[in-house]
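Chains P and L supply the protein sequences, listed in that same order. Remember, my numbering sits 264 above the position in the first sequence when you count from 1. Remember, my numbering sits 1121 above the position in the second sequence when you count from 1.
The hints are simulated quantities; they were obtained by calculation from the structure and are not laboratory data. Each residue gets a CB set at the ideal place from its N, CA and C atoms; glycine is no exception. Hints are not guaranteed to be accurate.
Covered stretches of chain P (in silico footprint by chain L; criterion: 3 or more residues with CB under 8 Å from a CB of chain L, positions within the stretch not fixed) [claimed, not checked]:
hint	segment
1	316–330
2	357–365
3	421–434
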Amino acid sequence: MNNEMVRIKAENVNFYYGQKQALKNISLDVYQNKVTALIGPSGCGKSTFIRLLNRMNDLVPRTRVEGNIFLDNVDINRGQIDVVDLRRRVGMVFQKPNPFPKSIFENLNYGLKVNGCKNRAEREKKIISALQKAALWQEVKDRLNESALGLSGGQQQRLCIARCLAVNPEVILFDEPCASLDPISTRYIEELILELKRDYTIVIVTHNMQQAARISDFTAFLYLGELIEFGLTEKIFTVPTQKMTEEYLSGKFG
Amino acid sequence: MKKNMTQFIGFSSVYLATVITLFLLGMIVYFIAAKGFSVLDWEFFTEVPKRGMTEGGVAPAIVGTFYLTIGAIVFALPLGLACAIYLCEYSPKGIVVNVIRMSIYNLAGVPSVVFGLFGLAVFVKYFGFGVSILSGSLTLGIMALPRIIASSEEALLAVPQSYREASLAVGATHWQTIKKMVLPSALPGILTGVILSIGAVAGETAPILFTAATFYTRGYPDSVFSEVMALPYHIYALMTEGTHPAEQTEIAYGCSLILLFLVFAISAVAIFFRYRQRIVHE
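If we strip away everything but chain L, and leave its shape as in the complex, we get (with noise of 0.2 Å):
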């Protein structure tokens, strides 16, 4: 009988704490959403902002956020994805790669503004990027470079040994296994986590504050050395700075809606994605 209690009592609080995590899931959704609503119309997708912040739309945010996010894969993917492949096939197996690989995911428990206080040091000072796209989406980059290396590294380890040796077996090159055989098998899982990290880096603050974004653009970016508005900051910028609280605030739940609507579009594709392997692996 003490017995059966026991197992009530524990099936009921991982029942009850599951149903907590839900709840406030949903209450965030609900209270973002239902602030946010009513500023929601065509011309807050499309339109500048107008009179002080107070009206017009946040296109300029949007497209920003955009530009940082495809600059940061487009410098993180390439540089994480081979460096997962020098250190899942090519390394060779020992204490050192394991240091490596330990401070790669290391790099991942930084805080992000400390990376933000590294990318105003090092791209907008020393090289002189200026706070611009490019620093901003470098500083972003290097925040994803962990993500993405552990995902990708994860996904060739997932391909089997026995696809190697029977490509070698055929007298394929070691870097034609790779391309040809482990690449294509473990594509899924490495675009599953790429697009998670593409998630995070849309939604990232600290690290483009002093390195990329501004509260205010009179139009839209022109080159990769502009200051661009971004999703994230515009929120921040407009709780913190400004003349007219209440109208803002409107804005800032807006904006939250679309950042909240663009990475659970992004983790919906991601899940897809994950989907698609594992019937192919079926």
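Chain P on its own, in the form it takes in the complex (with noise of 0.2 Å):
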């Protein structure tokens, strides 16, 4: 497991909300290509933890970060780095699918213009690349000019996944992205991230934890802001060091 790469490296990361504490002393490393998945029951941490990989939680006002995040040995949080870079190297999907409200085309035309994409031509090509990979293509390929908020929810997120896609992106961050989907909606995008590993670096958060058993390749247990344990998924959910793991896992609570 050592000889794999390490994209993204966190160390003894501390995050607070005020004066509430919410991640203690985590120490994690996301492997390239491979997909990482982080559990826990709710408010233990991961989702807070996953959006300090992109810095969303920059955006929420009076929080505070201590320890280190690198993303290939490059200090995420300090002096030199752009956090608009960062945020189109290491793309997003959310809870929720949230879709612009906008035609489809323009949904993942606009990251491309953004980023200064200026050629059109260069720009459909890219769109339609996306659309593909994120196994939308078909589906929408005669309604391009049609307001995305027309599609169902499971196409909306592979359309998310589409956009997050089109810019090009290192690594792709995955906020409990089924929680809001019935099953076949989430065996699509299941199957679609298995699909994107080979590409992209995946980090998952998920309450489920057959799904995290069915797709991840590295599993991190948090409970109240502590990681309780990490290793390889098989590991984790075949013979777990931590008892609290092996009670998690066989749902004694949750």
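Got two chains here, separate frames each, mind docking them using the hints?
And the structure:
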């Protein structure tokens, strides 16, 4: 496991909402072209942690982060980093599908335009490619100019994945991407994530232990802001080292 | 039985209150229309006043009100919108911003005649703009500011946070997010507020009393430094000055009718925008 390439390295990360400490001394590595799942009961800090990786928590007032998070050995919370570029490189898919209230085409076009892609033909090529990668192209190719809000929930979430892919990220963060989807849409997204890990490094927060078992290579179990256990998914789910992990996975608490 | 009786009295009184309100509104419209309609003709809209305000039209007052309103909005909209964007999108959240916000909102409660005096002291005298369209527009603009800021802020706050997050997550800057995502989504709400403040500004009398308006001009204003006739002030002047009260009163009702129609029309546009916005969101 240690000869894999580490893309993101968190070291002793503490995080505070005002006075309240939400993350306590978290250290974990995210490996290239692997799916890393963060699991744990509500309020354990898994969403807070994933939102640190693209600095989305900057938007939340009165928060504070301590410790270091490295992306390719560069500390993303210190001086030289351009947070706008960081967010382009570390894409994010949110819990609730949040397409822009624009056409399907414009949803993807937006990211390309704000990143300075001036050539329309090039943008169209990238948009089509991103929709294909997100397994949405067949369903929307004849209605690219229709509002994205007219799509079903599962389609909207795949559109959000496509929107993220269009700007060519290196890491993709999924924050409970299936929380509001039906089982069939969930299966589509899971298959998609397994496809995507060939080209991208993936971190996923999930409430659903079976989902973590199905799609992740590594699993981190968080409880009350602490990282209880982190390791290969097959080990965590078969021979967890911590009693608490075992109890959570067997449904003793949740 | 007693419970039902109480309920009946309760419902009856709120129903009655509504009927009375509607009746009063209807009375105003009917009264103004009945008294003012007879003087309305083509000449009334296109001619200058003649024979000591007893004949001719009120075209310069219509034009003056138009200029003053446009001027006020041109001044207040960019300033107010920028202020709202700062308060809503950029300012660090905390007690200081809340104090700023409260101060701005309190401006809305300042009596309009006080704004008039302020305009006289600052724009007319201190800056030396004189009694002019410029001074009047600036004074009206300041009056419109709190309303424009409040409605713009409300419209900005109504834009779901998820749009901002999604935009930032694809690598847009904060400014790009505001310009390309937040503002377009908030636009109908902002416009509604702006249009309603146009309606309010168009009918204001006190702020232009000392800063812009005059009873009579021979023709039309030729620069922003001209003093102008304006509908609300013209009504006031017709009723308090001059030597032919009977004829002047008729013209005043005519002016009122025009002003009333103007404000209703403006509100109708605002309602239309709000309606469209609702459709988009559903």
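To see whether the hints hold, each was checked on the structure:
no.: 1; hint: 316–330; verdict: holds (count 5)
no.: 2; hint: 357–365; verdict: holds (count 6)
no.: 3; hint: 421–434; verdict: holds (count 5)
Comparing the model with each numbered hint stated earlier shows that all of them hold.
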